[in-house]
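The task is simple: from the sequences and hints, build the whole structure.
Protein chains in written order, with numbering that gives the first Met the number 0: chain A, 0 to 263; chain B, 0 to 264; chain C, 0 to 330.
Zero decoy hints are in this set.
Straight-line C-alpha distance at most 20 Å; calculated SDA-like pairs for lysine to any residue:
(1) C:K129 with A:P102
(2) C:K129 with A:M96
(3) C:K129 with A:V7
(4) C:K129 with A:Y6
(5) C:K129 with A:D110
(6) C:K129 with A:W11
(7) C:K129 with A:W13
(8) C:K129 with A:R4
Bear in mind the hints are in silico, worked out from the structure with no lab data behind them.
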Amino acid sequence: MRHLRTYVQIAWLWIRAAWQYPASFVLLAVGNGLVTGLDFVGLWIMFAHLRDLAGFALHEVALLYGSASLALALADTAISSVERIGTYIRTGRLDQMMTKPVPLLVQVCADQFSLRRLGRLTQAGVVLAWAGTYVEWTPLRALVAVSMIASGTLVFFGLFVGFSCVQFWTTDATEFANAFTYGGATVTQYPLSIFPREVLVGLTFVVPVAFVNWYPCLYLLGRTDPFGTPDAFRFASPLAALVTVGAALLVWRTGVRHYTSTGS
Amino acid sequence: MLHVAVASRAFRRYSTYRAATVAGIFTNSVFGVIYSYAYLALWRANPSAGGYDSQDAVTYVWLGQALLMTIALWGGGATDDLAERIRTGDVAIDLYRPVGLVGWYLASDLGRAAYHLLTRGLAPTLIGLIAFRIALPSSPVTALAFGVSVVLAVVVSFAIRFLVASTAFWLLDQSGVKVMSGAFAIFFSGMMLPLVLFPGWLGTLALGLPWASYVQVPADIWLGRHSGADLASALAFQVLWAVVLLAACHGVLRLATRKVVVQGG
Amino acid sequence: MTPTAQGPAPHGPAALIEVVDLERTFDVRRRVEGRRRRVRESVVAVRDLSFEVAAGEMVGYIGPNGAGKSTTIKMLTGILVPTGGHVRVGGLDPSRDRVELARRIGVVFGQRSTLWWDLPLRDSFDLLQKMYRIPPQRYRANLDRFVELLDLGDRLDTPVRQLSLGQRMRGDIAAALLHDPEVLYLDEPTIGLDVVSKSRLREFLRALNGERGTTLLLTTHDLQDIEALCDRVIVIDRGTAVYDGSLGGLHARGGSTRTLVVDLVDEAAPIDVPGATVRRIEGPRQWLSFPSDASAAPIVAAVASAYDVADLSIQEPAIEDVIRDLYSRGA
Ligand SMILES: Nc1ncnc2c1ncn2[C@@H]1O[C@H](COP(=O)(O)OP(=O)(O)OP(=O)(O)O)[C@@H](O)[C@H]1O
Ligand SMILES: [Mg+2]
Numbered sequence: 000m001r002h003l004r005t006y007v008q009i010a011w012l013w014i015r016a017a018w019q020y021p022a023s024f025v026l027l028a029v030g031n032g033l034v035t036g037l038d039f040v041g042l043w044i045m046f047a048h049l050r051d052l053a054g055f056a057l058h059e060v061a062l063l064y065g066s067a068s069l070a071l072a073l074a075d076t077a078i079s080s081v082e083r084i085g086t087y088i089r090t091g092r093l094d095q096m097m098t099k100p101v102p103l104l105v106q107v108c109a110d111q112f113s114l115r116r117l118g119r120l121t122q123a124g125v126v127l128a129w130a131g132t133y134v135e136w137t138p139l140r141a142l143v144a145v146s147m148i149a150s151g152t153l154v155f156f157g158l159f160v161g162f163s164c165v166q167f168w169t170t171d172a173t174e175f176a177n178a179f180t181y182g183g184a185t186v187t188q189y190p191l192s193i194f195p196r197e198v199l200v201g202l203t204f205v206v207p208v209a210f211v212n213w214y215p216c217l218y219l220l221g222r223t224d225p226f227g228t229p230d231a232f233r234f235a236s237p238l239a240a241l242v243t244v245g246a247a248l249l250v251w252r253t254g255v256r257h258y259t260s261t262g263s
Numbered sequence: 000m001l002h003v004a005v006a007s008r009a010f011r012r013y014s015t016y017r018a019a020t021v022a023g024i025f026t027n028s029v030f031g032v033i034y035s036y037a038y039l040a041l042w043r044a045n046p047s048a049g050g051y052d053s054q055d056a057v058t059y060v061w062l063g064q065a066l067l068m069t070i071a072l073w074g075g076g077a078t079d080d081l082a083e084r085i086r087t088g089d090v091a092i093d094l095y096r097p098v099g100l101v102g103w104y105l106a107s108d109l110g111r112a113a114y115h116l117l118t119r120g121l122a123p124t125l126i127g128l129i130a131f132r133i134a135l136p137s138s139p140v141t142a143l144a145f146g147v148s149v150v151l152a153v154v155v156s157f158a159i160r161f162l163v164a165s166t167a168f169w170l171l172d173q174s175g176v177k178v179m180s181g182a183f184a185i186f187f188s189g190m191m192l193p194l195v196l197f198p199g200w201l202g203t204l205a206l207g208l209p210w211a212s213y214v215q216v217p218a219d220i221w222l223g224r225h226s227g228a229d230l231a232s233a234l235a236f237q238v239l240w241a242v243v244l245l246a247a248c249h250g251v252l253r254l255a256t257r258k259v260v261v262q263g264g
Numbered sequence: 000m001t002p003t004a005q006g007p008a009p010h011g012p013a014a015l016i017e018v019v020d021l022e023r024t025f026d027v028r029r030r031v032e033g034r035r036r037r038v039r040e041s042v043v044a045v046r047d048l049s050f051e052v053a054a055g056e057m058v059g060y061i062g063p064n065g066a067g068k069s070t071t072i073k074m075l076t077g078i079l080v081p082t083g084g085h086v087r088v089g090g091l092d093p094s095r096d097r098v099e100l101a102r103r104i105g106v107v108f109g110q111r112s113t114l115w116w117d118l119p120l121r122d123s124f125d126l127l128q129k130m131y132r133i134p135p136q137r138y139r140a141n142l143d144r145f146v147e148l149l150d151l152g153d154r155l156d157t158p159v160r161q162l163s164l165g166q167r168m169r170g171d172i173a174a175a176l177l178h179d180p181e182v183l184y185l186d187e188p189t190i191g192l193d194v195v196s197k198s199r200l201r202e203f204l205r206a207l208n209g210e211r212g213t214t215l216l217l218t219t220h221d222l223q224d225i226e227a228l229c230d231r232v233i234v235i236d237r238g239t240a241v242y243d244g245s246l247g248g249l250h251a252r253g254g255s256t257r258t259l260v261v262d263l264v265d266e267a268a269p270i271d272v273p274g275a276t277v278r279r280i281e282g283p284r285q286w287l288s289f290p291s292d293a294s295a296a297p298i299v300a301a302v303a304s305a306y307d308v309a310d311l312s313i314q315e316p317a318i319e320d321v322i323r324d325l326y327s328r329g330a
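This is the structure we're talking about:
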């Protein structure tokens with residue numbers, strides 16, 4: 000909790016700093032809004048050609064898309080610049096942070112905090128709200144929905160932090176991590192039934208993004224799993240989130256202990 | 000001769016990052032697999048969307064992954080060096096050199112593109128061929144035309160990136176413009192969705208903008224959707240944009256030179 | 000241990016910094032001509048390093064480029080995990096208890112600023128108050144004092160990017176001290192500063208040590224920093240300490256010589272007197288060197304009685320020469 004407060008204080012300072020360059024601030028905001036807007040137009044064009052995707056109707060796909068997109072936007076806002084940790088290592092900024100009495104991860108996550116995902120956040124929220132009107136709500140479904148967003152955010156958070164740690168060991172092969180982080184984020188935009196069974200197994204046990212939206216949404220939509228996985232999976236998102244974040248923190252600790260700084 | 004040397008130096012410079020190349024190929028391939036399944040599902044639901052069949056669609060996916068780095072869709076490449084030199088003011092030295100700045104950076108970017116085509120272009124194509132049986136060009140003429148089209152794609156993309164980098168002469172920092180330009184590039188190149196799926200006026204607009212030369216035009220040539228006079232006009236479309244945009248680069252550079260001279264660098 | 004002329008004052012068990020047989024190696028991959036793959040090798044940055052620092056000491060930590068100074072400081076602050084030996088600072092293991100230790104130490108890396116580039120100095124300070132949770136009263140008192148001592152008053156509301164190097168450095172030092180650290184590590188704090196800024200900084204550090212008893216460990220390539228501030232010097236070369244003792248003791252280190260400069264009336268053959276050797280001749284001027292611990296009187300007398308002398312002077316060995324001598328013998 001204490002760390003959360005520090006996080007907010009650092010983040011706030013960064014927002015103020017960004018305001019020092021209003022032109023860049025506005026251009027970046029417009030640019031990111033544009034990315035999100037065009038992303039949405041793409042989705043709309045796709046559905047102009049379809050009535051359903053792998054047996055999922057538009058509002059069902061919208062539920063999948065909206066929930067994953069919201070979780071990703073939240074996680075991405077929270078971690079700010081974890082992905083750029085390699086730059087921090089090279090410039091010695093990480094050394095500086097290590098001499099401050101705030102856990103390193105809190106500092107890195109708050110550093111260069113920006114609201115660039117605001118556009119995506121809004122868009123995801125709107126899509127989700129619309130898709131939500133088709134869900135037959137029960138108290139348990141509402142609970143699953145809330146836990147889905149929270150767990151999804153944590154799963155993405157864990158994936159981004161965990162895979163960014165690659166940079167503690169190598170600064171060359173960092174793109175490798177994108178396959179799992181952004182790749183994981185991309186698959187969640189579709190019903191996972193478009194993939195073969197082996198891919199689903201991978202997305203459940205290796206890069207557990209299936210828990211971000213697929214399993215809980217099956218429950219919200221009252222659908223049976225085309226793959227016939229156990230019903231328990233639909234409620235297992237919090238567990239998956241815990242495991243992912245736990246593993247990520249472990250990798251992070253190992254990375255920090257392995258950290259070799261830079262000469263000079 | 001000088002330009003060949005510049006290009007081959009850029010080629011060698013990129014070829015030193017071997018681990019990065021392997022990691023990039025891996026990532027391109029993962030995305031290729033993801034989008035292949037997505038497109039297969041899409042074309043299963045609508046088997047003739049945009050006039051493609053499902054094999055065309057999957058081929059399109061892998062060609063897109065193969066061209067992603069070659070055309071530097073996200074920006075970057077030689078023009079990032081330019082933006083940096085503008086920011087630091089070193090560009091003043093370049094402007095007084097007897098060698099044309101545009102030609103110099105174009106040569107360098109072509110060297111980079113050649114490296115990316117041979118590695119991050121070829122490898123995903125092979126993987127797509129093995130894993131998803133993507134279509135191959137039906138004749139040597141098609142293959143040759145595809146090669147020409149890719150070179151033109153790089154030139155068009157270079158010219159746009161050069162213009163974006165030149166904004167640094169006035170804004171000092173290209174990053175905001177770069178994000179915007181990247182957003183347009185991804186959408187209008189056909190990287191996000193084939194432009195043939197775009198409905199009505201949006202489709203007409205998209206197919207007329209320079210970004211169409213990035214992915215859509217080369218892919219359609221590869222898929223054999225252009226032949227004869229149609230093929231010639233597809234290539235002419237790219238040439239036209241290349242000429243117009245390169246001329247714009249020269250124009251902007253002249254304005255910038257005047258500005259730098261007036262401000263004393 | 001290292002040979003010491005005048006060993007450090009014996010410390011009680013309460014040494015603030017304890018370094019025992021410390022070692023740090025780095026695995027680096029290097030491109031070798033004619034080989035496709037880069038070869039792995041391990042670089043020893045610090046080895047067999049032991050020393051203790053008592054609370055309140057001001058210690059100069061010097062050595063040539065690449066000697067391992069920064070690496071040592073990074074291990075003392077917990078940034079790097081030692082590959083051998085052990086470190087304790089204030090009873091804590093720096094790498095294990097890094098966050099806890101951070102409250103009790105201040106660190107300034109001369110080449111890098113910890114301040115927020117685009118924001119006024121004051122904002123950086125305010126954030127540090129929150130990060131360190133410095134009680135408001137304490138914070139205000141410290142801020143006022145440092146602003147006054149460091150002459151930063153009219154700069155508090157200037158964005159850091161508009162500060163001069165010297166102002167920025169003073170800002171960085173104030174930032175490292177707001178939470179009343181017991182130890183302040185300074186890695187090349189005077190790098191790039193002009194003579195006035197340097198001496199102002201030295202004055203400040205001396206005042207700090209006097210007023211608050213803050214322990215200082217300072218690396219530098221400017222020996223005047225050491226002469227102005229430190230009672231004790233540790234010289235490190237190729238990762239290991241080659242001298243640990245007082246500055247005066249460095250002069251007395253074996254091998255160092257004094258120089259007798261003789262201006263003769265006319266040019267002459269090399270002067271030949273017992274106990275001294277001619278090093279250099281320029282016209283009528285000759286340089287004779289003799290051991291530091293020998294008396295100059297008989298040599299001067301011998302020269303004066305045998306030659307027509309216009310002028311005589313004796314040069315003490317420059318500390319630079321002594322240290323250069325130490326570095327080159329460290330092999
Ligand atoms: N992160 C690192 N990775 C690899 N080698 C390193 C690293 N940090 C330091 N070294 C090597 O360890 C040795 C000691 O470096 P260090 O930075 O401690 O020297 P220094 O005494 O601070 O030198 P300088 O006076 O130049 O600052 C050097 O040979 C350096 O190349
Ligand atoms: Mg150093």
